[in-house]
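*Asks:* Each chain, letter by letter, is given below.
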Amino acid sequence: MNRRKAIQCLSVAAVAIPLLPGCNTTEFKVYEFLPIEKKDYSLIEQLAQLILPKGNLDITTPELTLDFILTNINDCHKPADQEKYLEGLKLFHFHLSGGKPDKKIAFHKLDSEEQFAALEFLQKGSSGSESLKHFYHITKSLTQLHFTSSDYFMTNYLDFEFIPARFNGCVPV
Amino acid sequence: MSNNTDHHFDAIVIGAGMTGGWAAKEFCEGGLKTLLLDRGRDVKHVIDYPTTNMQPWEFKYRGGRNYQDVQHNPVINRCYAYREDTSHFFVKDTNHPYIEDKPFDWIRGYQVGGKSIMWARQVQRWSDYDFEGPVRDGFAVDWGLRYKDLEKWYSYVEKFVGVSGNLDGLDTLPDGEFLKAWGLTCVEEHFQKMVKDNYKDRHVIYARCAHLTEHREIFKQQGRVLCQNRRVCERGCPFGGYFNANSTLIPWASKTGNLTLQPYSVVHSIIYDEEKNQAVGVQVIDAQTKETTEYFAKVIFVNAATFNTNLILMNSKSNRFPNGIGNDQGLMGKYVAFHNYRAKISAVHEGHQEYKTEGNRPTSTYIPRFRNVYKQETDFLRGYAATFYSSRSKIVQGKGVGEDLMTSLLNTRDYHPWRVGSGMMGETIPKESNTLTLDETQKDEWGIPLLKVNIDYDDNDEKMIQDFFDQFTEMYKKAGFTEIKTRDTQQAPGLDIHEMGGVRMGLDPKTSLVNTWNQLHACPNVFVTDGACMTSVSTQNPSLTFMAMTARSAHRAMKLMDEKEI
Chain A
1 MNRRKAIQCL SVAAVAIPLL PGCNTTEFKV YEFLPIEKKD YSLIEQLAQL ILPKGNLDIT
61 TPELTLDFIL TNINDCHKPA DQEKYLEGLK LFHFHLSGGK PDKKIAFHKL DSEEQFAALE
121 FLQKGSSGSE SLKHFYHITK SLTQLHFTSS DYFMTNYLDF EFIPARFNGC VPV
Chain B
1001 MSNNTDHHFD AIVIGAGMTG GWAAKEFCEG GLKTLLLDRG RDVKHVIDYP TTNMQPWEFK
1061 YRGGRNYQDV QHNPVINRCY AYREDTSHFF VKDTNHPYIE DKPFDWIRGY QVGGKSIMWA
1121 RQVQRWSDYD FEGPVRDGFA VDWGLRYKDL EKWYSYVEKF VGVSGNLDGL DTLPDGEFLK
1181 AWGLTCVEEH FQKMVKDNYK DRHVIYARCA HLTEHREIFK QQGRVLCQNR RVCERGCPFG
1241 GYFNANSTLI PWASKTGNLT LQPYSVVHSI IYDEEKNQAV GVQVIDAQTK ETTEYFAKVI
1301 FVNAATFNTN LILMNSKSNR FPNGIGNDQG LMGKYVAFHN YRAKISAVHE GHQEYKTEGN
1361 RPTSTYIPRF RNVYKQETDF LRGYAATFYS SRSKIVQGKG VGEDLMTSLL NTRDYHPWRV
1421 GSGMMGETIP KESNTLTLDE TQKDEWGIPL LKVNIDYDDN DEKMIQDFFD QFTEMYKKAG
1481 FTEIKTRDTQ QAPGLDIHEM GGVRMGLDPK TSLVNTWNQL HACPNVFVTD GACMTSVSTQ
1541 NPSLTFMAMT ARSAHRAMKL MDEKEI
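Keeping their order, the protein sequence lines are chains A and B.
Reminder that position 125 of the first sequence reads as 125 in our numbering, one-by-one numbering, no gaps.
Position in the second sequence (from 1) plus 1000 gives the number in our numbering.
Be careful, since some hints might not be right.
[Unchecked claim] Chain A regions said to be covered by chain B (calculated; three or more residues, Cβ under 8 Å):
(1) 43-52
(2) 60-71
(3) 87-98
(4) 108-114
It is worth saying that the hints were derived from the structure and are not from the lab.
None of the values given here were measured: they were computed from a predicted structure.
A virtual CB, placed ideally from N, CA and C, is assigned to each residue, including glycine.
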């Protein structure tokens, strides 16, 4: 297990979030206003990875992207938007099952072509559903925010310094 | 001096914030056994700054706001400084209700240190253009106080707290005891030059701020070191890089051995002795146990912050003072004023593309009042100061999805054009109709009447907003700025956190409540030296003036005690 995966598993254990492949835990963090199932955790996590694949970048964050997304929706979004997100999630499952609600489709078990096709469906918003658009927009924007607010991105790309100990009002770009 | 056993002290100071801290420091240095009361918890410098060393990515909302908290505490959530990293220093609406006859966002910090922990650290002196305003323009009453009375106390305070600034030589904004300035950005220098070239009475200067930019022996003794430009000041600073009561005043007072600091002490009222014809102590309710205790002293300083100072005084009723201590003429709680922060302007500067800033600067640029300074020239009274800021940020583009999105984000290297902006700080006119009163039936959990706030803008404020928009649009255009946008935030009074008055200063006991030494006319051993004593509000951030008046009055009180006058 590489370092990144090890950190992810440790984080999972700490917050009792589940379901990364390779992490043996069956506990799930409960989000008070987001009554979602195991398959939903998996889908959102996989979708976030597909939206912004971090590849071999050595990025450590205090929480998993999945937890960041769900915590922010649970704690910071208004109830109507939370409902919209859940409705969009449901519609996405419906789309994956080919319109057959009884058919269980695990997103992470789809092959990469099928996953990208599903992502393209979300991107294009071709269903016309506002809830589905909202689900995709929020998942993407929070995935992106989790990355752009990371130590890695802020330090290397936004010139963030916690203790600059100086101010220069005019330096060449 | 008397000892502090059996609840007897030489001095009692109500409120351990910025002004209460100053009173306590002066008294303790002067050898007075001093009881410093605060209704909130203790906040020890560094130890009780739980978020001070946290990185931005360690906050779970990354600057977002908790929806439930916003619903339950809408007032405090409108405050710019109330954030994920600072929320523990602010009073939640639900914990300490008040009655808004008209909308007023009352921003509070109930803890040792008060709002000095989270303040904006701007420290501009007043001039006689400010103190003489009421007399010249025919509102409120004559302060009786003038710049010459405060000048040496401004210096006294500035040397102790540390103020970064330039010697600007302006009569509207007297110079002080300054440590070196961090300077302006190239766009601010551009705007400064344009203003100088086009307006003989307008000035763009470095905004003076209470930060340490140079070493001094006094700061070493305080245990403070240079500001590190982190710009997360509202969390409390482990370096003591900016001034707050916790890092500077309270430890200084404490090391004299004369200070008794007592948190969780809600002052119910001031005790008046009708035989002695003076205040003799305070009645205190333990914030946690609700137990009532009385403490006694020869002199009482009321520094509970403007509104609560009014509340305590109005709630201090006796046969002699049935309407509140010192309130013979029924003026207490009236003529409250504030700063009008509703008007904003922003724009883009396409020039100076080859430059950016580096590091951080915990202040901005300042434009002192230029309207109606030397004579009345508009259809509204008084005027406004303004901020001016400029910055550049990187362009973060989230284009595409998957590998494309990652590539796009990792391509972050270019900068947006400079963004510039200003905010108005308008002087409002104290009016009799802007009032604080005690509710006759509703009480808080300590049995103290709830405060009713009835404060609003007026036509003068509306005209001033329009003038700010007109004048700054013109100035921005002359500077070549583009995409100029003006915005009236329509915010309620209060978010300026500069509420003042209700216990105004003046020469005549018939028309004012405290004299020019901040003593209640009708009860001279009670001093009011926080924002409550302000007769008018001018345009400058007021904390420096509060501190200078407090130090001055504390010395006056000690002199009067020595002379057995109080």
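*Asks:* Against the structure shown, which of the earlier numbered hints fail to hold, in ascending order?
*Replies:* Going through the list in order, the structure violates hints 3, 4 and respects the others.
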